[in-house]
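Student: Fit chain Y to the supplied structure of chain R, relying on the hints for placement.
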Amino acid sequence: MNSFFLMPELQLTLWGVFMIVVESCRKQVTVAEVAHMAMLGLALVFAGTWLLPQGDGQVLWANGLYAIDPPALFFKRFFLASAFVVVWMSIDYAGQLPLARNEFVILPLFPTAGMMLLASAADLITFFVALELVTVSFYVLVAFQRDRMASLEAGTKYLVVGALSTGFLVYGIAFLFGTVGSTSLAALEMHLAKDVPTPGLMLALALILSGLGFKVASVPFHVWAPDVYEGAPTPVSAFLAVASKAAGVVAIMRLFIFNGFSHPDVYPVTESALALMGALSVILGSTAALTVRKLKRLLGYSSIANGGFILLGLSCLSYRGVEAVALYLCVYFLATVLAFFVLSKLGPVLGGEDLTHISGLYHRSPLAACALLLAFVSLAGIPPLVGFLGKLGIFAALWERGDSILFGVPHGFQYLLAVGILGAVAGLYYYLAPVRYMFWNEPMKELPEVKFSPSSRVLVFVLSAALLVLGFWPKPLGDAANTLLRSQVVQTNE
Amino acid sequence: MNSIPLLLMVFSAIACVGVMVAPSPRRFSLLMALVNVPLVLVLLGQYDAAAGGYQQVVSWRVMDLPHFFPIHLAFGVDGVSLPLVLLTSVVALAAVGASPQQVRREREFFLCLNLIVCGAYGAFLSLDLFFLYVFHEVALIPTFLMIGIWGGHDRKAAANQMTLYLAAGSMVLLAGLLAFFFALPEGVRSLDLRELAGGVSSGTVARGDQGWIFLLLLAGFGALVSLWPLHSWAPRGYAAAPAPAAMLHAGVLKKFGLYGLLRLAVPYLPEGMQAMSQVLLVLLLANIFYIGWVTIAQKDLTLMLGYSSVMHMGFLFLGLVSLNLTGLTGLVLLMVAHGLSAALLFGTASEIRERAGSTLFKDLGGLATRTPVLAFLFIFGGLASIGVPGLGNFAGEVLVFFGAWKQYTPWVMLALWGLVISAVYMLRAIRATCYGEPQEPSAAWLDLPAAGRAWPYALLALALLVVGVFPGILSGAARTTLEALLK
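Each protein sequence line maps, in turn, to chains R and Y. Going by the numbering used here, 343 is the number at position 343 of the first sequence; the sequence numbering is gapless. Going by the numbering used here, 152 is the number at position 152 of the second sequence; the sequence numbering is gapless.
Below, computed lysine to any residue pairings styled on SDA-like, alpha-carbon distance capped at 20 Å: (1) Y/K156 / R/P443; (2) Y/K156 / R/L355; (3) R/K475 / Y/D192; (4) R/K475 / Y/R61; (5) Y/K156 / R/R293; (6) R/K475 / Y/S190; (7) Y/K156 / R/A433; (8) R/K475 / Y/S59; (9) Y/K156 / R/L428; (10) Y/K156 / R/R436; (11) R/K475 / Y/H67; (12) Y/K156 / R/T356; (13) Y/K156 / R/E442; (14) Y/K156 / R/C370; (15) R/K475 / Y/W60; (16) Y/K156 / R/G360; (17) R/K475 / Y/V58.
Hints were generated in silico from the structure; no laboratory data involved.
Bound-form chain R, shown alone (with noise of 0.2 Å):
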């Protein structure tokens, strides 16, 4: 019975539920007081998470539905970061909204709980149950600003596509237990160490896989990705690029990395898949993103080809990999909250988020410009920011299984890398294109200055000075990192 208290998840839940409450009884609360609440409280569940077991094993509760192991630790304190940025970014955006302001500060707090929840997921209903609190609250906030067609737009196609991820995932579900009889995925693991994989289970992998690759929107499932990023309220976009997308991989690590489909024939698959998947995607992801020139749709794009590095170095089923993965999501994160924090700032003042719109940004708010330089250039993966670690290490780890064979192709991993590089070298050119504009071109017409709240200068300031920091101490990133993969087994194909 504590320890059903001791649960971030249901903590989360209850606050938000609680905040709602209190704010539709009382007539007088300003956006910045809700937000701040919310802030406390994610802030407050952050600090419980240390009450939790911090041992190196697994433990489990709630009858073996609910693990908490140094992973589960380590994604829940990612996501409670991610909606507390998020919240912060959202308090000055949710002043401009016509419509239900203090909602759109609570909100996300219930997609938070979920992916809280996938994280400690030890059986297929848990993982099914918190994937769909994520999709569902995904799908009001994307579709929040009702007055905006694009927004509207973005809302429809999040929830089409999600929709049918959904199918593919309920789907492989019902093969898994069709096969297995249980739906845990310690009776998975049991059921692999005794028997070959079946036709059957393959199909499971294959679906359930489909249905993750949404929620990473890697290629072929990356398709709402763009659009939805474009039309939807800036700090949902945000929170859809950073937590989301880590939703998916925890999701991925869980089931095909860590345990479940353990099997040495599943391996061969499961790399392959994920290799195929993430090269796509970075292909896809870079070359979309060459000649586009809305930068949300930039990023939406870049988060495509960044989604595809993560799953490149899953795909490489080492534990060099999944360090890699790690660094490489905290690094993302840092990066594009920035840039999509100062984006939400910029768009109401520029009227657009064009890359004319930014043209001489430097001439006229050099700390917006210099914020933007410094996500750009750390998500171009140049040192020294940060972003460079992130990417050393998903080559790193390509590298190290460069004389494998992948496809059934000898040395396919070196391929990968070749792709990695070529997925970089035009990262370069089109995560500097804004830079070239904001630096190098002068103001189109003059407009007035971007103006940053003292509460939103320090958020710029500190992730800023994270992304420059920790570019040359990397010590803390390591830390967190290790913590992910303390006692874990990756299962390695070699």
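Tutor: Okay, now just chain Y, sitting in the frame of chain R:
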């Protein structure tokens, strides 16, 4: 913590931060650059040349992941990096001194400048390949920004081209470094130069792998040093860059590629270098002859200087390929001397541009009668760069030719003609700018001393003279280290 390298890093970092709050960014940057010069001289004095190796080392482990690269933030010097650190300190002081008195967005200008200096120190002082790479990029990004924001004619295209070339070059370099790292056997795999020096020898990397790894490194480092055919960013970039950026990049940063090859290829991939020496020789002769002829054809002073600096890289690579003590000593001397002379030439050329409003040879002339001091310093730099005895470049070039002679006699005989080519274009340039009739006879130009701007260039000229007359200061410090690299 009694480490001057660490102090240098701290001071150059303070320069970057302080410039954003100091009342006068220009004077503050000047002060910080000035403080570093005596520090480096003390470092030179304290360095125990006979003992060799890395000295005054400080090190922190900043990455602890069991399967990731172990990364150390470590600073120190040895006989090879010391001359380059000295070069950095002198050129940095001159570049800050040569920066314009009035400049748009002054704080940001000096921030970029100080970042370049900080990156250059970091690149030469770091003892970990990760940070070697990182600090070089620290210096590159502000260089691009400086060209793009404060650059002259054609700045956007030049900055764009330079960014793409150098960023792509860095990417290839990264692949090369990864290849090198994974080619090492499990036990001695490290990015730390100290551990590499202890555990890795010339035969550690398999003979069959050495060649292609060397080629990868050569392509990556080569793009940064403007090795033909990866050079085309350099002349345009330097012509468009504001003077201090051109001085620092052509003078200091460009040496990073050679420094990297000297650090990695010479000690750990010598067989690969031997196997690929014909390739490198052809490329470096292309640098000397093809670019040499292109240089002769230039009609613009800054473009000509840009091409000439590309051309001289051929001689530096000749020193590298010689793979013996004489040639490598020549390489170290020539790196320093070329850095000083390139900085002097780019600095004085920018002074000429400021006064004449043009750098086309047809618009110039009569500099010697109008501004004798400026003309003298320009000619001094020009003569140094074509290897007139008594100045630094001569000492370096002679050793390079001696070093390469034994093994590559026919190639050296060809390369010697490069000296003639460089004499042709430099003397023509001197004639066209300094002598002849002034184009607008009436204008009264302010000479350097009257403008209070003579000292940065005089400093560079003096340094060239010191290196030329007493090359032993540097070669003595480098000797033990180079012997260890060649072992």
